[in-house]
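Number of protein chains: 2
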Amino acid sequence: MPPQRAFVGIDLGGTNMQIGVVDADMKVLGEAKKKTKPEEGVEGVLARIAEGVNEACAAAGVTTIAALGIGAPGVIDPEKGVVVEAVNLRWNDVPLAELLSKRLKTKVAVDNDVNVAVWGENKLGAGKNSNNLLGVWIGTGIGGGLVLNGRLHYGHWFSAGEIGHTVLFPFLPLGERTLENNASRTSVTERIVRLIRSNHKSKLTSELGDDPLKWTNEVKSKVIAKHYRGGEREDKLVVEVVDHVAEMVGVSVANAVTLLSLERIILGGGLTEATGKPFVDRVAEAARRVVFPRLAQGVDIVASRLEDRAGVIGAAMLAMDRK
Amino acid sequence: MPPQRAFVGIDLGGTNMQIGVVDADMKVLGEAKKKTKPEEGVEGVLARIAEGVNEACAAAGVTTIAALGIGAPGVIDPEKGVVVEAVNLRWNDVPLAELLSKRLKTKVAVDNDVNVAVWGENKLGAGKNSNNLLGVWIGTGIGGGLVLNGRLHYGHWFSAGEIGHTVLFPFLPLGERTLENNASRTSVTERIVRLIRSNHKSKLTSELGDDPLKWTNEVKSKVIAKHYRGGEREDKLVVEVVDHVAEMVGVSVANAVTLLSLERIILGGGLTEATGKPFVDRVAEAARRVVFPRLAQGVDIVASRLEDRAGVIGAAMLAMDRK
Chain Z
1 MPPQRAFVGI DLGGTNMQIG VVDADMKVLG EAKKKTKPEE GVEGVLARIA EGVNEACAAA
61 GVTTIAALGI GAPGVIDPEK GVVVEAVNLR WNDVPLAELL SKRLKTKVAV DNDVNVAVWG
121 ENKLGAGKNS NNLLGVWIGT GIGGGLVLNG RLHYGHWFSA GEIGHTVLFP FLPLGERTLE
181 NNASRTSVTE RIVRLIRSNH KSKLTSELGD DPLKWTNEVK SKVIAKHYRG GEREDKLVVE
241 VVDHVAEMVG VSVANAVTLL SLERIILGGG LTEATGKPFV DRVAEAARRV VFPRLAQGVD
301 IVASRLEDRA GVIGAAMLAM DRK
Chain G
1 MPPQRAFVGI DLGGTNMQIG VVDADMKVLG EAKKKTKPEE GVEGVLARIA EGVNEACAAA
61 GVTTIAALGI GAPGVIDPEK GVVVEAVNLR WNDVPLAELL SKRLKTKVAV DNDVNVAVWG
121 ENKLGAGKNS NNLLGVWIGT GIGGGLVLNG RLHYGHWFSA GEIGHTVLFP FLPLGERTLE
181 NNASRTSVTE RIVRLIRSNH KSKLTSELGD DPLKWTNEVK SKVIAKHYRG GEREDKLVVE
241 VVDHVAEMVG VSVANAVTLL SLERIILGGG LTEATGKPFV DRVAEAARRV VFPRLAQGVD
301 IVASRLEDRA GVIGAAMLAM DRK
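Residue numbers (this note's numbering), protein chains in the order written: chain Z, 1 to 323; chain G, 1 to 323.
To be clear, the hints were calculated from the coordinates, so they are not data collected in a lab.
Mixed in with the good hints there might be a few duds.
Because identical chains cannot be distinguished in the list, a pair is counted as satisfied if it fits within a single copy or across any two copies.
Lysine to any residue pairs mimicking SDA-like chemistry, simulated, CA-CA at most 25 Å apart [to be verified]:
#1 Lys203 <-> Val239
#2 Lys105 <-> Val42
#3 Lys27 <-> Ile196
#4 Lys277 <-> Asn131
#5 Lys128 <-> Leu195
#6 Lys80 <-> Asn149
#7 Lys105 <-> Pro278
#8 Lys105 <-> Trp91
Please construct the entire structure, taking both the sequences and the accompanying hints into account.
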């Protein structure tokens, strides 16, 4: 049997990184997870990436890598492989492809983390057979990735797809105007905590610790899911807050569908995974209400299928494409 | 001297059509104008197009056409040359390229009217040297055309660029939600007339006829321009209404710039031509305030340069491209 060609895909987040070794059919052969620790600087992060790649290769029983792909959070120049700006990593103009390529002696492709996940979905997940789609990833922030005419679209400044930064409330002050400001998991948590602090009733209250200052750390995606529609302890207040977010996401994706004549919207990220079908259905309902009427019936609005592996698989696919 | 290659460009509107014969450098050699009269059906419109083409060719001293391009208002399938839906013409699934080609014995390219104008601007006007831009045409309605990676972008349903149908006020009723509902010339007229009827002071009042029911027909672009900033009889009420429209256009184009990472916005159409630089400057100011901050300084927001010839020239260019 000839030696198998192995590709590495990396999903680099501000807190954790996920590394996978896959074969040419994108079957996962081995995996590893590491802390990112951006506070230790670029060299520290690179060292942990290298460790993680070694661990994942060992787990996969692979000794040679054909190519490596990496999705990083921020604005990326994919041609040069440069991280132009990544707020969570505190990086500016880091030539990630060059640095990693030198260290790991393999070809490296770099792209935005959500672009990479959307590319994975487009080829192997919820985006199959669609050439015009937008992926919206709702987690601590809101990112997006655009596939137009069957290819990832970057735009003039490499920031295309950033639906989280479009504004819903132009006359609110800075920090409260955008979709991300109003519909990220972070904003859901803040709203729930604010309502509970101001004495609104919720089943969640009895589950929170004694220190109200720590509540925002306690209301994570899993806790939200438990109290959302269909959850173990469905709760009116949590349903109210999350349904409102679904409506705002619906309006924003509707405008993207109208402007770009999109065939499909894929929703992913931590909040979407946690809240599942009831959330996606509500986004779709809100979107259909306000989208350009002639597209309302045709457009698909669906959940990610690769879920938390979309990034790793998409990054590995990117590596294979660019090879 | 060898015979010159001549191209015909047609800007087909719901009320009028404009026809131009140009050479390969897009120099206009002859022109004609006709009423569209959509109420007389497809055959009637085709007959008037043919007459207009003959008149323009006679004016240009041209006997043979190399190719013809036509921009029509509505959703167009540019590959098949079919007008899928054109509300103003009352057309559905009209194979315009085929019908015109048979009648005029020449190759015919069809596209959306604003796409065609934006294509003209991209090649010869305010969009030169830009590969990622959106044109927004503000007239009786609001249309748009997108150039991405240097090519007109159509999307899955051929309706890409329709920024007029994106919503600004999702919780207002149908007919009051979209940019077009709130910022077309028609909506400016309705607002001004409503304010004057409800006794708001305006210099315009003294210029209106005796029948208040006819006022909406009287407040056209030229009248608005006369009373807007820098106009002959600048008027507080008109300035208020038009400035508000500029802000709404600014917010909408800002979201398009953020989502698509656009380099340039071109503003055209009757209302923009009438109100000029003060209007464009206000749109730009509003857009810069709410666009993804890292793009605020880079993006250009400019007025159309070809103005009412953009459609004819763009259509002729399209004919030449497709030939």
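Quick rundown of the hints versus the structure:
1. In the homo-oligomer, the alpha carbons of Lys203 and Val239 lie at most 25 Å apart inside one protomer (11 Å), although the nearest pairing across protomers, at 53 Å, exceeds that limit.
2. Proximity of Lys105 to Val42 under the C-alpha cut-off of 25 Å is restricted to the intra-copy arrangement: shortest distance 18 Å within a copy versus 66 Å between copies.
3. With identical chains, the CA atoms of Lys27 and Ile196 are never at most 25 Å apart, being 45 Å at best within one copy and 69 Å at best between copies.
4. Taking the closest pair of Cα atoms, Lys277 and Asn131 come within 25 Å of each other only inside a single copy of the chain (24 Å); across copies the shortest separation is 39 Å, beyond that limit.
5. In this homomeric assembly, Lys128 and Leu195 never come within 25 Å of each other (Cα to Cα): the closest approach is 41 Å inside a single copy and 52 Å across copies.
6. Taking CA atoms no more than 25 Å apart as the test, Lys80 paired with Asn149 passes in both settings, with 23 Å inside one copy and 18 Å between copies.
7. Taking identical chains as interchangeable, the C-alpha atoms of Lys105 and Pro278 are never at most 25 Å apart, the minima being 46 Å within one chain and 57 Å between chains.
8. With identical chains, the CA atoms of Lys105 and Trp91 are at most 25 Å apart within one copy only, with a shortest distance of 23 Å there and 61 Å across copies.
Checked against the numbered hints given earlier, the structure breaks hints 3, 5, 7 and satisfies all the rest.
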